[in-house]
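K.L.:
Below are the chains, spelled out letter by letter.
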Amino acid sequence: MSPISRRNDAALPPPLAGEGWGEGVSTRESPQEERALSRIASHDAIRPPPQAGEVKTARGQSLRILRAALPVALALAAAPAHAFIAYVSNEKSNTVSVIDTDSWTVTKTIKVGQRPRGIEFTRDGKFVMVAVGDDDTIQVIDAKTQAVVDTLPSGPDPELFTQDAAGKTLYVANENDNTVTVIDLEKRTRLGDIQVGVEPEGMTISPDGKILINTSETTNMAHFIDTSSRQIVANVLVDARPRFAEFKHDASELWVSSEIGGTVSIVDPQKHEVIGKVNFEIPGLRKEAIQPVGIGMTKDDKTAFVALGPANRVAVVDIASRKVTKYLLVGQRVWHMAFTPDEKYLLVTNGVSNDVSVIDVAAQKVIKTIQVGELPWGITIAP
Amino acid sequence: MIRWLLGPIGLCLAAMQGLAADPVTIGVGYLGVAGTRSTLSLVEQPADNDGIAGAKLAIEDNNTTGKFLNQRFVLEERRIKEGEDVVQAATALAEHNGFIITDLPADALLKVADALRNRGTLLFNAGAIDERLREADCRANVIHSAPTRSMLADALGQYLVWKRWPRWLLVVGSHDEDKLYADALRRAATRFGAKIVQERTFEDTGGARRTDSGVTLIQRQMPVFTQAAPAYDVLVAADESEVFAAYLPYRTWDPRPVAGSAGLVPRSWDAAQDQWGATQMQNRFMKLNSRRMTALDMQAWTAVRMIGEATSRTNSGDVKKVTDFIKGPDFSVAAFKGTKLTLRDWNLQLRQPILLVDGRMVVSVSPQEGFLHQVSELDTLGYDRPESKCKLK
Chain A
1 MSPISRRNDA ALPPPLAGEG WGEGVSTRES PQEERALSRI ASHDAIRPPP QAGEVKTARG
61 QSLRILRAAL PVALALAAAP AHAFIAYVSN EKSNTVSVID TDSWTVTKTI KVGQRPRGIE
121 FTRDGKFVMV AVGDDDTIQV IDAKTQAVVD TLPSGPDPEL FTQDAAGKTL YVANENDNTV
181 TVIDLEKRTR LGDIQVGVEP EGMTISPDGK ILINTSETTN MAHFIDTSSR QIVANVLVDA
241 RPRFAEFKHD ASELWVSSEI GGTVSIVDPQ KHEVIGKVNF EIPGLRKEAI QPVGIGMTKD
301 DKTAFVALGP ANRVAVVDIA SRKVTKYLLV GQRVWHMAFT PDEKYLLVTN GVSNDVSVID
361 VAAQKVIKTI QVGELPWGIT IAP
Chain B
1 MIRWLLGPIG LCLAAMQGLA ADPVTIGVGY LGVAGTRSTL SLVEQPADND GIAGAKLAIE
61 DNNTTGKFLN QRFVLEERRI KEGEDVVQAA TALAEHNGFI ITDLPADALL KVADALRNRG
121 TLLFNAGAID ERLREADCRA NVIHSAPTRS MLADALGQYL VWKRWPRWLL VVGSHDEDKL
181 YADALRRAAT RFGAKIVQER TFEDTGGARR TDSGVTLIQR QMPVFTQAAP AYDVLVAADE
241 SEVFAAYLPY RTWDPRPVAG SAGLVPRSWD AAQDQWGATQ MQNRFMKLNS RRMTALDMQA
301 WTAVRMIGEA TSRTNSGDVK KVTDFIKGPD FSVAAFKGTK LTLRDWNLQL RQPILLVDGR
361 MVVSVSPQEG FLHQVSELDT LGYDRPESKC KLK
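If you're matching them up, the sequences are chains A and B in order. Start counting the first sequence at 1; every next residue gets the next number (this note's numbering). Start counting the second sequence at 1; every next residue gets the next number (this note's numbering).
The hints are simulated quantities; they were obtained by calculation from the structure and are not laboratory data. Each residue gets a CB set at the ideal place from its N, CA and C atoms; glycine is no exception.
Lysine to any residue pairs mimicking SDA-like chemistry, simulated, CA-CA at most 20 Å apart:
hint	chain 1	residue 1	chain 2	residue 2
1	A	287	B	332
2	B	287	A	156
3	A	302	A	327
4	B	287	A	177
5	B	67	A	193
6	B	67	A	234
7	A	92	B	362
8	A	302	A	340
9	A	248	A	165
10	B	67	A	230
11	A	271	B	69
12	A	287	B	329
13	A	92	B	279
14	A	92	B	338
15	A	287	B	372
16	A	287	B	351
17	B	67	A	226
18	A	287	B	276
19	A	287	B	331
20	B	389	B	141
21	A	344	A	369
22	A	287	B	375
23	B	287	A	135
24	A	287	B	376
25	A	302	A	249
26	B	67	A	194
Some, not all, of what chain B presents toward chain A, calculated at C-beta under 7 Å:
hint	residue
27	68
28	280
29	283
30	339
Produce the entire structure from the sequences given, and follow the hints as far as they go.
P.N.:
In structure tokens form, the structure reads like this:
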């Protein structure tokens, strides 16, 4: 077979009359306008329905300034308030955003290691520690110069951590090897590891400092670890994928959020038993979208705030009755939170909408949204 | 050898649970067919341990949890060769294991299920996607962690409709399973308002899957095969037998995307899945097995995790107790898919989101936004309760 005849065999015949290689048909039946419309419609579909007073900018971003809260926000801007500094870890952009709570603006963006998630101030307020999971370390940011100055020897893939009251010992959950690493913060050395369940995540310490809590996401347990012996003393089974644990300030209850289970389990820390559950129900929202993660409790132990992930809401819970009293609409996929030290405001990170919502704690209203980096994850505020 | 010995010891331990602090041993069997089938793409050629590798990881995960509950999980593998009796192999496995994960063709699975019915052994179908195993041929002792053809087809159909590609050119292979997949795709088109503008059959004329000069020929063959089609948005291929679909992308007469058995493919899992904490799982799998995780690995992992979830919730290794819990209303399992997975109580099929993948990335996850259901949006995928022909016995 000659090259020419082979080419003829395989020759692609010209397009059939009227077909025009199939292009024209497509354009005719799906005009550009319709496609554009469908794109907008689908964009809207992934957002919660607009609430009363919600403001949409030209870029389609909601400012979420509730009308009733507007005067409050304006008054705030005028009044000489105590300024606090919040640090937000941006999981995707590998940065930490610094927010001034006086002007509610981002004053600096610090480049950090890969995949920053857990973030916390040292007790003395001088440094900010941020777990950079993909670099298998915890970086230390000097709060004065706002630059990375040191690293801590965590285990592989650190995610969340907690420190004792004195700020001397740091406990780190390492997602990749089922351990909790203990670090001496003064000497910045590793003291040892504690074997826990599969995918350790949530970390907290009892108010008396004696018990460390770790939650493991695939094992579905809260592990109670004696901080002096570093041995597990009890394991409490909770609902699926426990993400975060928080003690009441009077130490009478431990609250554990279960992302996939869709609940918060309330554990008796003495008896090591689940004694109650907080359930969530949002009309018009499918149950699967309710994925509790971050928990914050006011110092008087009266009110808890629970971030509900892709439900795009923070639940306000009456601690005594364990009932939800209100749902606050925030940004998309809300995860972690931090109170200002005066407890006037609660800041929550919205991963998908790349912003931080500011909640007025007393009024239980969202007063402001601050744009940060990509996939904001954790947040900490200077003591 | 050790496993064979441990089995009976485990049973003794289970009996003495109240007396001793020794761990309760929970035996899990894995029954598969020896050898792997050929794929068109070399990179998609399954590893010899496809499936069991996922079960192994789940056994490790269960054991990490088990050490806090005094439970120990042991895996025993059995592969049957051509001509071997599957029932005999299954019965031998059931001697030491109350739970058996299977990766078997539908007929073999039914034989095993019926043979083990009176024993109380609980089977987990991790491999077969056949609709009939969940419909007319459903069994009360078989739980399905593998999705069905209709779930896969619906997952794809919802996305194509959401994307506004409603006109499908359906190309079907000439083997039975290709035709079954085509049935599921036709059903999806009807359910979600797509239109199959034309159907074509690709005859399998036999021959080697890979030849040294294959590409030149295919490059000529595929455009000619797809020419003169009515106007369409997407070519949907039903080729479970791996005869032609992988040759279609970039070779269609009209410049159109390909979906179904090649191009955009619906799967229960993919090595590229990194959402919802899946990275940790992918890392654990890679560390243990030195390769990436497939859909079959995930289906086996999920089955073993279902057992682990039930043994930890019931704090028991008793097969009857565990089985009742899995079939009960409080059961759910987390599997890195952004939502809890539960069982359809009418046919024991695990509800699950389906990933749409292109070989490198997860393009989307179905169910798609806007496909609503009164019970669970996951029930927009596959046959729903009112349509079911299953009567569990």
